[in-house]
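8 protein chains.
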Amino acid sequence: MNLIDILSKIQAGKLSADKAAEHIDKMYERDLGFARVDIDRHKRCGLPEVIYCPGKTGRQITGIMTAMVKAKQDILATRASAEQYKKVKRAHPKAKYNEPARTITLMPKRPAQIPGTIVIVCAGTSDIPVAEEAAVTAEFMGARVERIYDAGVAGLHRIFKHISTLRKSSALVVVAGMEGALPSVIGGLIDRPIIAVPTSVGYGTNLQGFAPLLAMLNSCVPGITVVNIDNGFSAGVAAVMITRTGVRHQ
Amino acid sequence: MNLIDILSKIQAGKLSADKAAEHIDKMYERDLGFARVDIDRHKRCGLPEVIYCPGKTGRQITGIMTAMVKAKQDILATRASAEQYKKVKRAHPKAKYNEPARTITLMPKRPAQIPGTIVIVCAGTSDIPVAEEAAVTAEFMGARVERIYDAGVAGLHRIFKHISTLRKSSALVVVAGMEGALPSVIGGLIDRPIIAVPTSVGYGTNLQGFAPLLAMLNSCVPGITVVNIDNGFSAGVAAVMITRTGVRHQ
Amino acid sequence: MNLIDILSKIQAGKLSADKAAEHIDKMYERDLGFARVDIDRHKRCGLPEVIYCPGKTGRQITGIMTAMVKAKQDILATRASAEQYKKVKRAHPKAKYNEPARTITLMPKRPAQIPGTIVIVCAGTSDIPVAEEAAVTAEFMGARVERIYDAGVAGLHRIFKHISTLRKSSALVVVAGMEGALPSVIGGLIDRPIIAVPTSVGYGTNLQGFAPLLAMLNSCVPGITVVNIDNGFSAGVAAVMITRTGVRHQ
Amino acid sequence: MNLIDILSKIQAGKLSADKAAEHIDKMYERDLGFARVDIDRHKRCGLPEVIYCPGKTGRQITGIMTAMVKAKQDILATRASAEQYKKVKRAHPKAKYNEPARTITLMPKRPAQIPGTIVIVCAGTSDIPVAEEAAVTAEFMGARVERIYDAGVAGLHRIFKHISTLRKSSALVVVAGMEGALPSVIGGLIDRPIIAVPTSVGYGTNLQGFAPLLAMLNSCVPGITVVNIDNGFSAGVAAVMITRTGVRHQ
Amino acid sequence: MNLIDILSKIQAGKLSADKAAEHIDKMYERDLGFARVDIDRHKRCGLPEVIYCPGKTGRQITGIMTAMVKAKQDILATRASAEQYKKVKRAHPKAKYNEPARTITLMPKRPAQIPGTIVIVCAGTSDIPVAEEAAVTAEFMGARVERIYDAGVAGLHRIFKHISTLRKSSALVVVAGMEGALPSVIGGLIDRPIIAVPTSVGYGTNLQGFAPLLAMLNSCVPGITVVNIDNGFSAGVAAVMITRTGVRHQ
Amino acid sequence: MNLIDILSKIQAGKLSADKAAEHIDKMYERDLGFARVDIDRHKRCGLPEVIYCPGKTGRQITGIMTAMVKAKQDILATRASAEQYKKVKRAHPKAKYNEPARTITLMPKRPAQIPGTIVIVCAGTSDIPVAEEAAVTAEFMGARVERIYDAGVAGLHRIFKHISTLRKSSALVVVAGMEGALPSVIGGLIDRPIIAVPTSVGYGTNLQGFAPLLAMLNSCVPGITVVNIDNGFSAGVAAVMITRTGVRHQ
Amino acid sequence: MNLIDILSKIQAGKLSADKAAEHIDKMYERDLGFARVDIDRHKRCGLPEVIYCPGKTGRQITGIMTAMVKAKQDILATRASAEQYKKVKRAHPKAKYNEPARTITLMPKRPAQIPGTIVIVCAGTSDIPVAEEAAVTAEFMGARVERIYDAGVAGLHRIFKHISTLRKSSALVVVAGMEGALPSVIGGLIDRPIIAVPTSVGYGTNLQGFAPLLAMLNSCVPGITVVNIDNGFSAGVAAVMITRTGVRHQ
Amino acid sequence: MNLIDILSKIQAGKLSADKAAEHIDKMYERDLGFARVDIDRHKRCGLPEVIYCPGKTGRQITGIMTAMVKAKQDILATRASAEQYKKVKRAHPKAKYNEPARTITLMPKRPAQIPGTIVIVCAGTSDIPVAEEAAVTAEFMGARVERIYDAGVAGLHRIFKHISTLRKSSALVVVAGMEGALPSVIGGLIDRPIIAVPTSVGYGTNLQGFAPLLAMLNSCVPGITVVNIDNGFSAGVAAVMITRTGVRHQ
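Protein chains in written order, with our numbering: chain B, 1 to 250; chain U, 251 to 500; chain A, 501 to 750; chain V, 751 to 1000; chain E, 1001 to 1250; chain X, 1251 to 1500; chain H, 1501 to 1750; chain D, 1751 to 2000.
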C-alpha cells in the first residue's frame, strides 16, 4: 500500500484520518534519528531511496543500509569512497563496490530484467566514472547495458564502428566533457532517445561542466535531453524509465 | 535508401564512389540557393527537417515548403508569426496555423498514430505557447497528447486532481517558468519519464529562464531530464522518441 | 542609554558634545585592540553583537567573550569549530556548544520568552546545519522553535503531515538546497510569513547555492522573502523580529 | 470551505471522493478558457489571486475581473499599462488606476483595517514605481502605509529626520537601486523587520538589479530579508503577512 | 615610409625630432575632425584601416572614404546597412555593396592575389552573414576563397562530401552557432589551421554566442583558435595573415 | 637617465641606436635568469618595482632583493608568507615583516615624507589585512597614514566620531566587504578623493568580492573610484599618487 | 551653514532640536513634489546636486532647474536628449547643450578656476560621448581640461606624440572600450593619478563593458582606479577632487 | 594508410567492409583496457595523440607510452608532475622532463625541422609555465622557437627591443594574464599571425583567466586569434600548423 493508495482510500472514506497518520508515520518511513528512510518510494517512483554518500559517516551509511535491509529494500549508494565502503563491508559483507562508478550495491537477488538495451557512450577516459555511475544505476534497476567508451568527435571512426549497436538501443546515455559535441554527432545518425550528461572535465573555460552543458542544451539535433553536470545516476534512472515505458506498452 | 544504407552499400562494394556522390548530391538534398533541404532526415532521425521561421522571409518559407511538398514530406514550421503564415497561405492554402503554438503544419494525410499518450503540463498562462509548441510537435509526429494547463505548485490541488492521467502517460512534458518547481513535485508522485522545459517567464532574476533551468537540473527527483529554455519543439520530439521506444519493443 | 537616546539628548541640549564623545567612546564600545565590541547594539537593534568565528583564533574569541561577559551581554558565536570551542571552554566553562549548528552560547540566565512559535523546515540531511543555526539563533533571542526536518518536495506526504503545525506558526524558516522548491510548495498552503534560506548543497549546477537562491526569489507565491545562501543566523534573527512585532502589537 | 478544510473532511470521512472532486472542480476555480481563477486562494493564503497584466489583452483582464466580481473577490491587477486600464474601465467603471504604481484595484468596500503601520522607504525618484506597487498592495490588503521617498545614503540627514517613524513601524519595505546600501544603514538604527527590494535602476554594472540584490543579501546587518528585483508586490504582501502576525497574536 | 621606418631613422640619427613630429602628424594620419584615419596601418599591419559602420552617419562614412581615396587606400567598410550604402553611393558610385556580408568595398584595381585558398564553412542559414563577412574580408586582402555553407554536424555527409577541399586549404574559417561542434568535427579530419567563429544564433541558453564560444575554446582537438562572437571580419584577417605566412616563406 | 630621457635624446640625435640598445639592455634591467628587474620604473612611474611573492621561492625573492639592494632601490614585497620572510631574513637581516599586511620592506633610510595625510578606513576585522597592505604601501612611498578600522555602516556612530579626520585627509582608502556600502556613506559626508577597495569577505553570494565591487561601482555618490578586489597595494599607490599631485602643485 | 555645521552646533548645545528640524526641512532641501533637491550638497561634497535626465519629463527637469536657480546653484544635467534640451530652453534660454556629451549646463558666471590640468584620453570614435561627459563635468566644476581623442593601443605613436602633455597633468581620465588596454599602456609611461573608464563599445563578448572593466581592474600597473561602465560624469568628478587636493595643499 | 585513405579505398570499391572493419579495429588503435590509443592521428591531423597526465596513474602513463613506442610514435605528455615523471623514467629511461613546461617527451630521433620561426612572448614570471608548454609542443613538432619572456605592457621598451625578431616570425604565441593587453600592443606593430593565450594569473577579478580571455577576444587589432585559458599546448599546435602552411606552399 503506497501513498497514492492511502490517498485513494481516504478519499473513498475507507481509511480514517488517525489510521492514515499512523500509516504515514510508522509504515512508510523509518526514522533513524539523523535521517528518515522513504521506504515507499520504490512503489511510488519506481526506484528505492538511494543513499548519497558524500558527507555521511560510515556509521550513518551502515545504519541506513541496515534499516533498508530490514525493509527488504535493494540498496544503491552513490559517490561512495573506498573508505566508506570498507566500513560498510564489516556490517554488510555481501555489499559490492564498483570502484570506477564509486557505488555500493546490496541486492539479495538479481533484479527482474527489463527487455531492451541501454547503450552508454563516453568520450574520454576522464568521463568514465560518470558513465559507470549511469551504467551501474541502470543495471541495479534491472536493465541490460552496453558500454562504448573513449569514442570522441575527434575520432569519428570510433563512433561509426558502433552504429548498429547505437541504432538498436532502447535509450542512449551520452557522456561528454570538453565541447560536449558527442550527443549532437550521434543524434544526427540515429532516432533513439538520447540523454546527454555533461562532465566537469577540461581546461579553464570548461566552467566545471557549464561549457558542455550549454552545448548540449543548444544542440542543433532536436529531442536530445540533458541531466545535471556529472549526474550519471540521474541519467541512468531516466534511461531505465524510458526503457520501462516500452515494457509497459506491451 | 538513406545515408546509413548508402554507407553500407559503399562498404559492401555495391556502390561506386561516383554514384554515391551523385546520390548524396542529388537525391538526399534539394539545393534552394539559400538553404539545402535534408530530405533524408526523416528516415535517419525519425523526423522530417523542420523549418525554423524567425529571420526567414515569407518567400523563403514558402520555397522550402514547396520543395518539401514535391518530396512528399510532411511539413512543420515553428516560431512562425501570423504575418509569415499569411504569406505562406497564398501558395499553400491547406497549411494550418496554430496561433498559441506559433506553428504552421501541412500534412497531406493524418500521420500514422503511435500507441501511448503524451501528457503536457504547464504552470502559468504565459507558459502555454511553449507547451503548445510541444503538443503540436508531438501530434505532428503521430502521438496522442493530453494537456493539463495552469497547474502550478502554488495550487497543488490542481495537480492532485489529474494524478491518474499523469500515471497513465507514456511520457510527460512539464513546462514551468518562475522557480521551476513543478517537475520535481510531479516527479515525486509518479514513475514515468519526465522532460522538463524551463520558460523565460518571470521577474528580474528569472534570468531569461536560467532560474527554472538551474532548478530543473538540480531537481531532488532523479530521472528528470531537461531541454533548452522555451524549447517546446525539442521536448515534443523527445517525448515522441520515448513513446516510440515502447512501440518498437512490441 | 543607547545611541538614539544620546542623539535625542544632544538635540534637546541635555548633553554637551564632550560628554557625548566620552559616552560614545568609553561606554558604548570596548576596544580589544583587534576588534571593538558594540555593546549598545542589543538595545539599538534588538540583538547583542554576535561573534562570527571563522578566521578568529581561540584567544580572540575568548577575549571578546570575556569583555561581553563583563558588560553583562548574552553571547552567541556562530560558525564555531569544535577546536575553537575547546579553547573557549577553558576560560568559559559554562559556554555550550551545539555541534550541528556550529554555535557557542553563553547566557547567565534563560532569555525572556517571546510568545509565538517559529517553525523551521528543511529538506535534506545536509541542510540541517543551516536549519540548526537558525533554530539556535531564534532560541537564543527568546523564541520557541519547532523543527520539521527531512521534508522535501519529492515526498509531499511529509509536508502534509505537519500542516497544522505550519499553520499555527508566527513565522516560518524554510531551508532548502537542490532546486529550492520547498518554500513555494509550503507558501501555497498557508498564510504565514516565510523566510526562505537557500543552501549550497547539490550537484554541479547548484552553483554554491545560486540555483535555489534564484528559485526562491522567483517563487510564484508572493510574500516569500529570502536571506543569503547558508545564512541560518540571519533567518533566525528575521523570524524573531517578525515574532516580536506581534508581541509589541499587544 | 477551503482546500485545507476539504482535505480535513475527506480525511475525517465526512466527504466522499466524488463530492470532493466536484468541489475542487466547480467551487474553487472558474475556468475562463484562457485561465483558471483560484478563488480559494484568499482563504488559503490570505490574499486573493492577483492579476499580472503584462502580455494579457484588455479583454482577458476584463474577463478575469468579471469572474472575480461574481465570486465577490476584491481585485488587484499589477503592472497594468494606461492602455490596459482604459479598456478595463469600460466594463468596470469603478476600477481605480494608480499611475506610478501601475495597479488597477476594484473593491466593493474598504478592506478591514489591520492594526500597525507599514513604512515604505525608497532612495531615488526612479525607485518610486516599485515602492508604490508595494504601498498599493499593502493598502489593498488592509494595512496602513507611510511613505518616506527620496532618502538615499548620500544624504543621511533625510533618514535621521524620520527615525521615530521608522522605529514605530510594524514592518519596513526598503526599496533601493544603485549600490543597495539603504537597508543596511536603516537596519543599523532600528530593530524592526526589514524587507529589502532591489531595483533595476543604475549604470552598466547594476546588471538589471543584481548589484543591489547582491548587496542586500550580503548586508552586514542580520535579519534583513530580500525579495526579487523590482518586486514591490511581493514585498507588500510580505509586509502585510508580518503585520498580520501581530494581529493574530492578540 | 612607415612608423617602424621613422623610428629606425630617428634611432640612426637620420631624422630630427621636429621632422619626425611633422611626419607623424601630417603624413601618417588625416584628421577629419570626427576621426583620424591611420593611413600607415596598411604598411605596418598588412591591412588598411577598416571602417566600422554602426553608429556612423552616411556623411561620416563618405568623408572617411574620400580621405582614404585621396591617400590611394583600398576601402573596406563593415556592418554597413543598405541605407548607409545608399548615401555612400552618391559620392562614390563605384563602391560595391555585398548584402549578406553587409560590407562596402571600393578598390581602384583588383588586389594582388595571394597563392593558397581559404575555405569558409558554416553550419546554418543564419550563420551566413558572419561567414560572408569573413569571405569578403579575405577577398579584399587578395585571397582566393571557397565557401561550404549549410554543413552542420547533424548531417555529417555534407562535411564528408567536401573533405578533399578542406584538406587542400591554406586556412579554414569555421563558423557555427548552436552547440558550436563543427570546428571539432572538422578538426578531427584534417591537419590545417582552423579559425573558429562562434555566432549568436540559437535558443535561450545560446547566451548571445557564449555557448558556442565556450564549446570552441574547449574543443578536444588541439590547435583550433577562436575569434570573438560574430566577428567574421577578424577571422578573415587571421586567415589571410596565415596564408601570407606561406607566401613569405617562399 | 630613464626611458623617456633616452627616447628624447635619441630623437634629438644625441644618442645613437647602438648606444641606446646598450642602455636599454644593460643599464635599465638586471637579468636574474628567472626574472628581469625593471630598475628604471621608480623614475618613470614613481614607484620601484614591487615583488609579488605568491608562487616565488624564498631563494627567488632573496635574489631579486639582492639585485635591487645593489641598485640602491627601496624594497617592498607583498603577499609574503611568514615562511618566505624567514628565508629572506637570513640574507637580509634588516628586512622587516608586517604580519597583518603580509609585506616585507627593506629601506636603507626613511623615505622622503610627502605632505598630506592618507586616511584608511575599514569595516570589519577581516578587512584589516587588505587595509594594512594599503597602509604599508603608502608609508613605504613616504606618505603619512591614519587608520580608522572596524567602522561599518551597521554602527554609523563609529564613522561620525571620526568625521573631522576624514575631512582633513588628502585621499581616503575605504576597504569593505559584505554589501560594500561604506564608501557611499562616507562619500555623502565629505568632498575628498575616495578609493574604494572591495574585499572577498562574506557569505555565499559575496562571490569572492564581486558583490561589494558591484556596489562600489554603482555608488550613488559620484567621484568614488574603485580598485580590484583585495588589492590594498594598488589602492595605496593610487592614494600616494593623488597626495603627490598636491605636492607638485605647490 | 551645512549639515556638518548643524550637527556641530547641536552637539555644542547652540541649536535646539526643533530649530534643527526646521533647518533640515526648510533650508536644506526644496520639495518639488516629485523630487527633493539637496541644495546643501555643494558645500558638503564639493558638487551641487546634478540632474540625471533619463526617465524625466522636460517639465520635471525644468522644475528642478527653476528651484536650483532660485537657490543660486550652478546647474549640470547629464544624459539629456536633444528633445529634453529643447523643452528646457524655453524656460531657461541661457542653458547650453553639449551634444556629444549629452549635457545641459546653466551657470550665471564662470566657475572659479582650479589650478592644474585634467587630461582626458580616449581610444575610439565611439568612446567620445563618455569622454566628453567627463570633460564637461570637470569644466563645470572649474577645472582646465585637455582632450586627446582617438589614441588607441593599436597605434602607439598617437600616444607617444602626447607624452609631455600626459606627464604634466594633475589627473588623467582614460576612456576605453574593446580590450580596455589603454590605461595600462599609459600607466606604464607616467606617474600621475589615472582614472580608467570602461565603455560598452564592442562586439559580442564586450559584455556591455564588462570586458574592459575587468581588464582595467586587473591592470598590471598599480595605482590605476576605475569607475563604472560609461560613467564619464563620475570620472570627471573624481578628477576634479584629485586636482582640488593639490589646491588645498598650498 | 590512414582513415581518409581507407574511406577513399572503400568508396573506390578497393576495400571490402570486413577488411575495413579489421583495419579500423586492429591497425588504427591499440586497446589498453583503460584507454585506446589513436595511432592514426599523426597522419590524419599532423600530430600524434598526446597524453594528458592529470588524473592518470604513473602506471597508466607508462602503459600508454609503451604501446606508442611499439607503434614507433613520438611521445609528448603534458601537465605531468615530477612524481609522474619519476615513475615513467623507470620504464622509459630516455624520457625527458621539462620542469617549467611540465612535459615529458620521448623521441627516438630529432623531428624533421620545419623552416620558419615561432616566437613566444609572455608578460610575467607566472605566465612562463604556459609559454613553455607552447614552446616544448612546437619544438616537439619540429619547429624552431624563440622565447621573449617578461615583456609586459607596463614596460613597453622591453617589447620595442625585440621588434625585428617579432617581425621575422612565421607565427607568434603571446601569453598574458592580468588585463591581457599584450597581444593588442604587439598586434598594432606587426603583420604576422598572432595566437593569444590568456592565463589564470592575477587578483580576484581575473576570474581564473576570463578577464584576459575577454580582453583578447575584444582586441581592437583584427586578426588576433585566441585559445583556451592556460592552454599553451593548443597554442603550440596552432603555431606549428600555421608555420607548416608556409612549408607546404613552397
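No wet-lab data here; the hints were simulated from the structure. All residues carry an ideal CB built from backbone N, CA and C; glycine is no exception. Hints may contain errors.
What the hints assert, rightly or not - Anything over 10 angstroms on all C-beta distances counts as not near chain D; from chain X, calculated:
(1) Gly1305
(2) Lys1306
(3) Gln1323
(4) Asp1324
(5) His1342
(6) Tyr1347
(7) Pro1365
(8) Gly1392
(9) Ser1414
Claimed, not checked - One side only, chain H facing chain D, incomplete, derived with CB under 7 angstroms:
(10) Ala1571
(11) Met1678
(12) Ala1711
(13) Ser1719
(14) Cys1720
To see whether the hints hold, each was checked on the structure:
Not every beta carbon of chain D lies more than 10 angstroms from that of Gly1305 (chain X), the smallest distance being close to 6 angstroms; the non-interface claim is violated. At roughly 8 angstroms from the closest C-beta of chain D, the C-beta of Lys1306 (chain X) falls inside 10 angstroms, breaking its exclusion from the interface. For Gln1323 (chain X), the non-interface assignment is confirmed: its Cβ lies about 15 angstroms from the closest Cβ of chain D, beyond the 10 angstroms cut-off. Its beta-carbon lying about 19 angstroms from the closest one in chain D, Asp1324 (chain X) satisfies the requirement of being farther than 10 angstroms from that chain.
No Cβ of chain D approaches the Cβ of His1342 (chain X) within 10 angstroms, the least distance being about 20 angstroms, so the stated non-interface status holds. With a cut of 10 angstroms on Cβ distances, Tyr1347 (chain X) stays outside the contact zone with chain D, its closest approach being about 22 angstroms. The non-interface label for Pro1365 (chain X) is consistent with chain D: the shortest C-beta to C-beta separation is roughly 28 angstroms, beyond 10 angstroms. The Cβ of Gly1392 (chain X) sits about 22 angstroms from the closest Cβ of chain D, beyond the 10 angstroms cut-off, so the non-interface label holds.
With a least CB separation of 33 angstroms from chain D, Ser1414 (chain X) remains clear of the 10 angstroms interface cut-off, as annotated. Interface hint at Ala1571 (chain H): violated, since its Cβ lies 42 angstroms from the closest Cβ of chain D, which is beyond the 7 angstroms cut-off. Satisfaction of the interface hint for Met1678 (chain H) is found here, the shortest Cβ-Cβ separation to chain D being roughly 4 angstroms, below the 7 angstroms cut-off. Given hint, Ala1711 (chain H) at the interface with chain D, holds; its Cβ is 4 angstroms from that chain's nearest Cβ, closer than 7 angstroms.
Among the interface hints, the one on Ser1719 (chain H) holds; its C-beta lies about 5 angstroms from the nearest C-beta in chain D, closer than the 7 angstroms criterion. The restraint placing Cys1720 (chain H) at the interface with chain D holds, with a minimum CB-CB distance near 4 angstroms, inside the 7 angstroms limit.
This entry does not satisfy hints 1, 2, 10, going by the numbered hints stated previously.
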